[in-house]
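Chains as they are written, first to last, in our numbering: chain A, 635 to 982; chain B, 635 to 982; chain C, 635 to 982; chain D, 635 to 982.
If you're looking for bench data, these hints aren't it; they were derived computationally from the structure. Note that this is a predicted model, so its numbers are computed, not measured. The beta-carbon is built from N, C-alpha and C at its ideal position, and this holds for glycine as well. Check the hints yourself; a few may be wrong.
Pairs of lysine to any residue residues, derived as SDA-like cross-links and limited to a Cα-Cα distance of at most 20 Å, are as follows [unchecked claim]:
(1) K884/C with A839/D
(2) K936/C with Y895/C
(3) K936/B with E691/A
(4) K678/A with G908/D
DEER-style ranges, computed between Cβ atoms [unchecked claim]:
(5) P933/D with E666/B: 52 to 62 Å
(6) P663/B with T855/A: 23 to 33 Å
(7) G803/D with E797/C: 27 to 37 Å
(8) K889/B with G842/A: 22 to 32 Å
(9) G823/B with E972/C: 33 to 43 Å
(10) E741/D with S674/A: 57 to 67 Å
Read off the chains here:
4 protein chains.
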Amino acid sequence: MCADTLTASVVGGSGFTGGELLRLLAGHPNFEIAQATSRSYAGKSVGSVHPPLRGTELRFSEPDDLESVDVLFTATPHGVSMGQIDEFLEIGDTVVDLSADFRLNTEEQYEEWYEGHSAPEYLEKAQYALPEINRENLPGAELIAGGGCNATATILGLYPLFEHGVLEGGEQIVVDVKVGSSEGGAGGGEASSHPERSAVVRPYAPTGHRHEAEIEQFLGTSVAFTVHAVDMIRGASATAHVFPSGPVSKGDLWKAYRGEYEDEPFVRMAAGGGGIYRYPEPKAVAGTNVAEVGFELDPSNKRIVVFSAIDNMMKGSAGQAIHAANIALGLEETAGLEFLGLHPVGAP
Amino acid sequence: MCADTLTASVVGGSGFTGGELLRLLAGHPNFEIAQATSRSYAGKSVGSVHPPLRGTELRFSEPDDLESVDVLFTATPHGVSMGQIDEFLEIGDTVVDLSADFRLNTEEQYEEWYEGHSAPEYLEKAQYALPEINRENLPGAELIAGGGCNATATILGLYPLFEHGVLEGGEQIVVDVKVGSSEGGAGGGEASSHPERSAVVRPYAPTGHRHEAEIEQFLGTSVAFTVHAVDMIRGASATAHVFPSGPVSKGDLWKAYRGEYEDEPFVRMAAGGGGIYRYPEPKAVAGTNVAEVGFELDPSNKRIVVFSAIDNMMKGSAGQAIHAANIALGLEETAGLEFLGLHPVGAP
Amino acid sequence: MCADTLTASVVGGSGFTGGELLRLLAGHPNFEIAQATSRSYAGKSVGSVHPPLRGTELRFSEPDDLESVDVLFTATPHGVSMGQIDEFLEIGDTVVDLSADFRLNTEEQYEEWYEGHSAPEYLEKAQYALPEINRENLPGAELIAGGGCNATATILGLYPLFEHGVLEGGEQIVVDVKVGSSEGGAGGGEASSHPERSAVVRPYAPTGHRHEAEIEQFLGTSVAFTVHAVDMIRGASATAHVFPSGPVSKGDLWKAYRGEYEDEPFVRMAAGGGGIYRYPEPKAVAGTNVAEVGFELDPSNKRIVVFSAIDNMMKGSAGQAIHAANIALGLEETAGLEFLGLHPVGAP
Amino acid sequence: MCADTLTASVVGGSGFTGGELLRLLAGHPNFEIAQATSRSYAGKSVGSVHPPLRGTELRFSEPDDLESVDVLFTATPHGVSMGQIDEFLEIGDTVVDLSADFRLNTEEQYEEWYEGHSAPEYLEKAQYALPEINRENLPGAELIAGGGCNATATILGLYPLFEHGVLEGGEQIVVDVKVGSSEGGAGGGEASSHPERSAVVRPYAPTGHRHEAEIEQFLGTSVAFTVHAVDMIRGASATAHVFPSGPVSKGDLWKAYRGEYEDEPFVRMAAGGGGIYRYPEPKAVAGTNVAEVGFELDPSNKRIVVFSAIDNMMKGSAGQAIHAANIALGLEETAGLEFLGLHPVGAP
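Same shape as in the complex, but just chain A (with noise of 0.2 Å):
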């Protein structure tokens, strides 16, 4: 383990998931934030857009400014980092994107979901930051790709089933997701607005959400996927039903996530205990890296639901990023990661 401080830059750190990765940054015992860049907010303090860095002097940079770093965040909107990918290499010994731009690992994939990809050579070299599934592929990493929140909260659902053998691809999925307002980012447009947004169960991609290409890339079967916004503001929560084509047990079932995760510092399972929080909440998650995943059988209709929530500014981008860049740089797993939670939490 490194016991030398490490310094991180952020990019687009007036959104909310800059906000947190420097809040992250700022706990973390291993790193030391040297710049946090925003064109609009250039020269003001971080705490005076994000309220937990108000203890920091801390003032955005311009994007223009940056400087040579240990490891560069970048929390940009798609398409930009992929445009300045070069540079962004250049300044960062390791980099680390969350937006969609090296997510998948072909061109084609890419197209077929999204647009035109400008730098496409890196697509197979970046690294899927999700630890639970790529983990032994991120030590050393030069460019990592953070998953996407929906996606992620999808993936650590249905994996362990596929590698223990309970599906084999082919199945019927349907993946029925509730999101936050968090996930629409800083800003926000009318639809966004509390009057409009509050209190919604609002069909906001009943189809074609761009994550299914991630879900489909990791899982080696495609998904039927639909994404509600709901009443929270932090919190992506899946519910998968699924159909095997032979019959399963709750052993198979409990088999297969204890296998894949039992030694996961960031997976707990909740399936039927015990208290008001039985299976996966976003409450139960909120401001925590922790991904929680259970299930439950529904022999009538030969079906498994699958449950797993997330916190999808943590789990979903800035935990997971900060979760990846520890193991690529050989620190501890959980660094800068172990707050717990708090009950109770309103709109996680």
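Keeping the supplied structure of chain A fixed, place chains B, C and D upon it in accordance with the hints.
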């Protein structure tokens, strides 16, 4: 149409559903409230429990003091009405029961999903209240059984597909319902307390929800059914993921839904138009007796996604009951149910 | 009472207040909507912006296409009406303006709290819309100025104390108002986005709120006024901490409030009775034109605490405007405003 | 500073405050949790009640099985600790009581605001936990009394004005506090149920709130105090309307607040700077031990408006208790309390 004023009483008047019935009756041009019973609140003003009724002089009566009326609405917990149904039918010329006691057609069905039925002879006599699927049997009905809120939302979404040949039965259907806290009724417990219930996405009926029975009864096919609690007070939103056996076009779907619903006063289509509210949402129907229904096609997954949204207290219980009573008694169908809703509006 | 149907148009029909006016007019027995203007949405259906109006065929008109009507409601941003008032008065026999342009009596007052007024000659002609304090001047009024929502709540709470001799003017009065997000209007900005606006208790007008001007105009005394934004959509709740110069009993207070309000159709007392809703609450009046008013005595601090709660979109703007128009035109006072509210109900 | 690990137990571990104490102790570098008692949940895992603790093996103990520890935190309902204080002081070398039992200095005060005290001899021995006003008496204290949450917010807002000569006592002060639902504790009743409690602005303590006693004890003057329940879970926001006897400038205020708080690790000023969060807000401190304090001048009303915001579960109870224990035991003041908060964040 009947010009005289009819008398109506509500059994179980202190609960949420009872309160809604009283509120609707108070604003109904053809009804006069005779009594509202409540064992706990007998003697107290109905307005002390239900703020909308603060302007009335009505006080809760003891259940034993019920007098004869034209229509008796029974909003009691499941299992109560079946034990008193003979008495209720003596008191009311028409009885509209809002519990689950008379929703299913046969004793076998009832025993599969609930427990023993003490008045099974009424099961086939009772008419299901939902006019969109049972209007022809309501005029003159003596015993009407209000539908379950989640069943109502689901049935209204899927029924046209079966009636108009898009589905035949046996297709794979997953229904993922999101519901508000009023479904838990007044009183609540620890899990319904504000700190624990706010901002949840909580799998509260992962499998085996009893409304599955009604859905199967009326659609003639089984559905894989899961209910999540989300942060709203009123509202049920059902998303059905349907896998038809052959190709289906948007035209086929519009034909089915328009064919079924274009003359329905309380069903409204919302399927991908402009604005913020493109698909059905509980907020868009909050406080009204309207069900919104819409759909989207997912060609790559050979899937139809059907959305339906209701106010569970209105179209899902009290409004549906008044609507059925209007038809049963030959009144104007929409009498007392004309409220258009609010915009903007919060947790519906 | 007039039995004919009157025509009404709404200028600024796509905003929240415009939408409420249209909704109320659509359900009003004496009005027929002629036009609803919106520069941005001209040609689009009003239902695409305001879900409650999805059942109507009405489309937004260009502001320049306005035709003559019996009543013209103007729901434009502050400063617009004063520039077009001559034109508006030609179009509508009666004009009800919901902006701040004509609320104050003199140009001096206006300039103290706002900026220069371009049509000061109308300031003394305009009649303040709030019937509880200005009913006698409304019949036949040509120009009516709707009151500010926070001013309305405050005035209704304090007015009886001045009218019935409990206060004389000059006493210390602190008013602490809590408001919902609809006061910010449609569109919103970053501060109004759901992630930033949810669950706040935000001092948004610590001092110097412009509604102070109206309050002082009608009560004849100054108040120390502070407004907080809280997490609801509709609703304004004013708490006035009043320090009378001499002793005051509960009897004195009941006498003042009953004396003032017992015949008012839209004011309801709530002062420490039983049940959950013991004092005025926005939830108890959500969607209605009712103002709830109540009080408590604090003998040890020689203080009267006065509570008042309204739905800012109704009693605080659109409902108050319809109420005033009803009186101005000799219609039934309560016509179109009979909605009783809902229970339970969320962010009102 | 002490490098050894100290043992700590929590009496009343299943309540909200108990859960927060356990969570903070679990993340504290100097404490090891010995026991958490709960009569109702004895034998169950603490994680089944408090999701943040799901990663620990700890189970609830019977209260009678308490063993000796270095510090005993008692989070029991008011009135319990006074009956067991001798026993508690035998079990814990230091006892930190979070109830109201030992907050007041004299039996007379206690009897005025509560009921009879069964261990009045401890009233003057107990040290008030709030370090900002009582730091010098905490080192080595054997019995520490945690402050009330609303009192804490109020005292922190007003204390500098008295300490730095802006106020002398006797001035008119109105304090209007807005609180979240966690103040009601776990369990809740009908009024705390989600449908009834959501989106309220509810006057729940119009006058006579017991925290007035603490405020008067520490400020030396009475305040007119009113508490409203609003829609958040954590958080208390106090707005004090202060009427000084002579002129006061912004410079005077900054001098008072900076003079008092500039070295305080857990007090942060927020007084009209840029950004969305210009004044103290519960959201800005959610999950942290920070109190935000700010002010605005209202020259036309000769008023100072003072805002203060805390997380009632942290600075208002569990965090304050840990802070005081850190000082009492000679640990690093901020140990275990470094969490910076989240942005964005919902109902705190």
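To see whether the hints hold, each was checked on the structure:
1. K884/C with A839/D: holds, 18 Å
2. K936/C with Y895/C: violated, 25 Å
3. K936/B with E691/A: violated, 55 Å
4. K678/A with G908/D: holds, 9 Å
5. P933/D with E666/B: 52 to 62 Å: holds, 59 Å
6. P663/B with T855/A: 23 to 33 Å: Given range 23 to 33 Å: violated, Cβ gap about 58 Å.
7. G803/D with E797/C: 27 to 37 Å: holds, 36 Å
8. K889/B with G842/A: 22 to 32 Å: holds, 24 Å
9. G823/B with E972/C: 33 to 43 Å: With a Cβ separation near 36 Å, G823/B and E972/C satisfy 33 to 43 Å, so the hint holds.
10. E741/D with S674/A: 57 to 67 Å: Since E741/D and S674/A have Cβ atoms about 60 Å apart, the given range 57 to 67 Å holds.
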